[in-house]
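Quick note, the sequences are listed as chains D and V, same order. The numbering of the first sequence is the working numbering, which starts it at 1 and goes up by one. The numbering of the second sequence is the working numbering, which starts it at 1 and goes up by one.
If you are wondering where the hints come from, they were derived from the structure by calculation, not from laboratory data. For every residue, glycine included, the Cβ atom is placed at its ideal position computed from N, Cα and C. One or more hints might be untrue.
Here are the simulated BS3-like cross-link-like pairs (lysine-lysine), alpha carbons at most 30 Å apart as the crow flies [to be verified]:
#1 K279(D) / K238(D)
#2 K89(D) / K88(V)
#3 K89(D) / K35(V)
#4 K51(D) / K119(D)
#5 K152(D) / K119(D)
#6 K88(V) / K91(D)
#7 K2(V) / K75(D)
#8 K208(D) / K49(D)
#9 K89(D) / K2(V)
#10 K85(V) / K75(D)
#11 K89(D) / K102(V)
#12 K89(D) / K105(V)
#13 K4(D) / K208(D)
#14 K151(D) / K49(D)
#15 K51(D) / K89(D)
#16 K102(V) / K81(D)
#17 K30(D) / K238(D)
#18 K85(V) / K89(D)
#19 K265(D) / K51(D)
#20 K2(V) / K91(D)
#21 K75(D) / K119(D)
#22 K89(D) / K36(V)
#23 K4(D) / K49(D)
Here are some chain V residues pointing at chain D (derived, C-beta under 8 Å) [stated by the list, open to error]:
#24 S42
#25 S46
#26 A76
#27 T81
Okay, the calculated bits of chain D under chain V, using three or more residues with CB under 8 Å as the criterion [to be verified]:
#28 74 to 82
#29 88 to 102
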Amino acid sequence: MVVKMKIAVLSGKGGTGKTLVSVNLASTAKDATYIDCDVEEPNGHLFFKPKQIIEEQVTVSVPQIEQGLCSGCRKCVEFCKFNALAYVKDKVMVFNEVCHSCGGCKILCPNHAISEIKKSIGALQSGTSENVKVISGFLNVGEVSGVPIIKKILEKGCSTNGITFIDCPPGSACTAMESISDADYCILVAEPTIFGVHNLNMVYELVKLFNKPFGVILNKCSKEENPAQEFCINRNIKILGTIPFDKELGTINSNGLIAVRENEKYRELFNELLDNLIKEVQHETVVNP
Amino acid sequence: MKIAIPVDENSNDTKVCMSFGRTPYFLIYNTDTQKKEYLDNSAIASQGGAGIKAAQTIIDNSVEALLTPRCGENAADVFNTAGVKLYKTINDSVDDNIEAFKNNKLSILGQIHPGFHGHGG
Numbered sequence: 001m002v003v004k005m006k007i008a009v010l011s012g013k014g015g016t017g018k019t020l021v022s023v024n025l026a027s028t029a030k031d032a033t034y035i036d037c038d039v040e041e042p043n044g045h046l047f048f049k050p051k052q053i054i055e056e057q058v059t060v061s062v063p064q065i066e067q068g069l070c071s072g073c074r075k076c077v078e079f080c081k082f083n084a085l086a087y088v089k090d091k092v093m094v095f096n097e098v099c100h101s102c103g104g105c106k107i108l109c110p111n112h113a114i115s116e117i118k119k120s121i122g123a124l125q126s127g128t129s130e131n132v133k134v135i136s137g138f139l140n141v142g143e144v145s146g147v148p149i150i151k152k153i154l155e156k157g158c159s160t161n162g163i164t165f166i167d168c169p170p171g172s173a174c175t176a177m178e179s180i181s182d183a184d185y186c187i188l189v190a191e192p193t194i195f196g197v198h199n200l201n202m203v204y205e206l207v208k209l210f211n212k213p214f215g216v217i218l219n220k221c222s223k224e225e226n227p228a229q230e231f232c233i234n235r236n237i238k239i240l241g242t243i244p245f246d247k248e249l250g251t252i253n254s255n256g257l258i259a260v261r262e263n264e265k266y267r268e269l270f271n272e273l274l275d276n277l278i279k280e281v282q283h284e285t286v287v288n289p
Numbered sequence: 001m002k003i004a005i006p007v008d009e010n011s012n013d014t015k016v017c018m019s020f021g022r023t024p025y026f027l028i029y030n031t032d033t034q035k036k037e038y039l040d041n042s043a044i045a046s047q048g049g050a051g052i053k054a055a056q057t058i059i060d061n062s063v064e065a066l067l068t069p070r071c072g073e074n075a076a077d078v079f080n081t082a083g084v085k086l087y088k089t090i091n092d093s094v095d096d097n098i099e100a101f102k103n104n105k106l107s108i109l110g111q112i113h114p115g116f117h118g119h120g121g
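The shape of chain V in the complex, shown without the other chains (with noise of 0.2 Å):
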């Protein structure tokens, strides 16, 4: 299966990024290939409901498990809409995050912020 994180390089030495909707790339990670492959995130720039675009992203590239250290409520609807579960990192380290997830060590995301929606207008 495919799992995504969000990540602030598209280099195999890139950390966690905190934010889901506005990371410059995600990590599609394939567990049966152990394959990293990185997608630039086209939402990183939009004026609102960059969530909501990152989530199409995510979900157009048949990703079935996030890994994130937050999620916003409007991204949240759209993956439980499709399907995908939602982990909450352990840290921030992309590889201490693969291992835990195969481990089943990951919690699910119980919290999903309201987003910071409006902010600056």
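Chain D on its own, in the form it takes in the complex (with noise of 0.2 Å):
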């Protein structure tokens, strides 16, 4: 049977094992696609060295200002609802980390002083890890939005079979927002510590409201009570599974290894996880096709 569905891999702060949950289950599956939206500082390509890289840019449009041609009525600067544009010294200056690339201002300009340019605002790589395809964004450092190379990532993503493995910006903020809107399913991936549950409620909270069937991964479980698990026991939240507070583990990640193709036990658990995993969204969209 062929399995196409996208999933997307969140949790409430950095460090919680987004990346490692999200690697080790597109190794595990057999025809995966592994999408890096944490684009601020991707990751997941230093575990998969990606090979028969091919890089293109990400760009947006921002406005140039003929200052010979503008008249100074400001009706650019009163309408960019973000204010990248201000009236100085009988000139209009353009802050173009500010812009969002509406393009309103252009269509407003009364003496057709406005004209688009493109900027990079950063990359996206696709490549190939065994049977994984790997598709990366990389912001250019100092740029303030990551969402026009999410949305590029995930259109290009989405075009391929198999289960897609969406690895999400840490939080709940607008970058995470971009990065669930088009997935079939959401996986928290919770620590098991009061911190943990906090963290783990902000992405719960953004997951109901985008109406978007979910379940949760317990990472760094110990013999230690786990307040996440109560958390998710007490709301009736789905546990996909759990993975143990384990060095072994712990280091081959640290190595920038993918577990599941290192040790025979990690590929168990992971694989054990994955038919959780498939089982739980089929049901889903079955019930709520």
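Dock the two chains into a complex; use the hints.
Below, the structure written as structure tokens:
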């Protein structure tokens, strides 16, 4: 049977295990695409070390002012909700980093003094690593928003078959929202601490707001009590599985290796997680098509 | 000449506000007439670029110097282009700072922060 689904992997903060989970699940699946939407600090490629890399630039449009045509009416300055324009000493100043590329200023200018130019904000890299197609987004340092890059990666990733794992940026801000917008199912990765519960709650509220089916993977579990597990049980949240607090797993991961490719016991662990996940997603699509 | 200070209230017992771009009000003080007037800062509710919009308000009111605890780089760009001088406030008292400005005791604001952009998305 051909399984085609898009799974977003989220957490309320960095370092919870999003990349561990998405990289290892993608490596476990037969036909998978891994998409790194954490464009401010993408690190999935460090594990996959993809080959046959193709890079393409991501650009946005920003206004360019022909000052000689400007009458100083300030329509553009007043229109811009992001305040990317200012009128100083009879000239329009443009703040490219603040611009959201809506193009409104160009349309409104009665003197046709505004045109648009392309500005690179980062790049996409696509490659392959064994069975996995790897697509990563890289936002240039100093750029404010990674959303245009995320939009472009998702466009690219969605054309592929099999299971797509979307490694999301941490937190619940615009970039995380954009990353899950097209997902069929969300995995929330949680740490077994009170702080972990706080972070889990952030993404829990986000997926509820977006009406996405979701389940939780409890990471770094020990024999101690697990507040994140209690949080899930109290709210009837599906727990897809647990990953142990394990020095060997931590060492493999911190050496930039993929656990399921290194050790059979981790392959079994992630195989079971993947089975649970697929069952759960198919169940969700039957219940809430 | 006119000078501006970001302030918390629009009354004479107000303190200097810590934020420039998102201050609720600006005090505009005319050193020639010694008159104070208060302006609403419409940039306070901006989704982004508050510093740029606040700087626009200041320059549109023909202010020549801004006395502020801090200022972000985008607003500082607007002020540099407009030729408005930035001075660092010495404490949160409006009158102390005006007095210090008149006596040439304020130093130029040297540290321009990179802004607090993108927090909370």
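Check your understanding: Straight-line Cα separation of K208(D) and K49(D) no greater than 30 Å?
Key -> Not OK: K208(D) and K49(D) at ~35 Å, beyond 30 Å, violated.
Review point. If you draw a straight line from the CA of K30(D) to the CA of K238(D), is it 30 Å or shorter?
Key: holds, 24 Å
Exercise for review: Measure nothing beyond the straight line between the CA atoms of K75(D) and K119(D); if it is 30 Å or shorter, mark the hint as holding.
Suggested key: This hinted pair holds, its Cα atoms lying about 23 Å apart.
Exercise for review: Identify whether the interface hint at S46(V) stands, where standing means a beta carbon of chain D within less than 8 Å of its own.
Suggested key: holds, 6 Å
Check your understanding: Taking only the CA atoms, is the gap from K85(V) to K89(D) under or equal to 30 Å?
Key -> holds, 15 Å
Practice item. Compare the distance between the alpha carbons of K152(D) and K119(D) with 30 Å, and conclude whether the hinted pair is satisfied. Key: holds, 15 Å
**Study point:** K89(D) paired with K35(V) [C-alpha distance capped at 30 Å]
**Key:** holds, 26 Å
Review point. When you check the alpha-carbon spacing of K85(V) and K75(D), does it fall within 30 Å?
Key: holds, 27 Å
Check your understanding: Between K88(V) and K91(D), is the straight-line Cα distance small enough, at 30 Å or below?
Key -> Status holds; Cα separation ~27 Å.
**Study point:** Assertion that chain V covers the segment 88 to 102 of chain D - criterion: three or more residues, beta-carbon distance below 8 Å
**Key:** Held - the segment 88 to 102 of chain D has 7 residues with a Cβ nearer than 8 Å to chain V, which meets the minimum of three.
**Study point:** S42(V) as chain D interface residue, shortest Cβ-Cβ below 8 Å
**Key:** violated, 10 Å
**Study point:** K2(V) paired with K91(D) [C-alpha distance capped at 30 Å]
**Key:** Cα-Cα ~22 Å, so holds.
Hint compliance for this structure: hints 8, 15, 16, 24, 26 are not met, and every other hint is.
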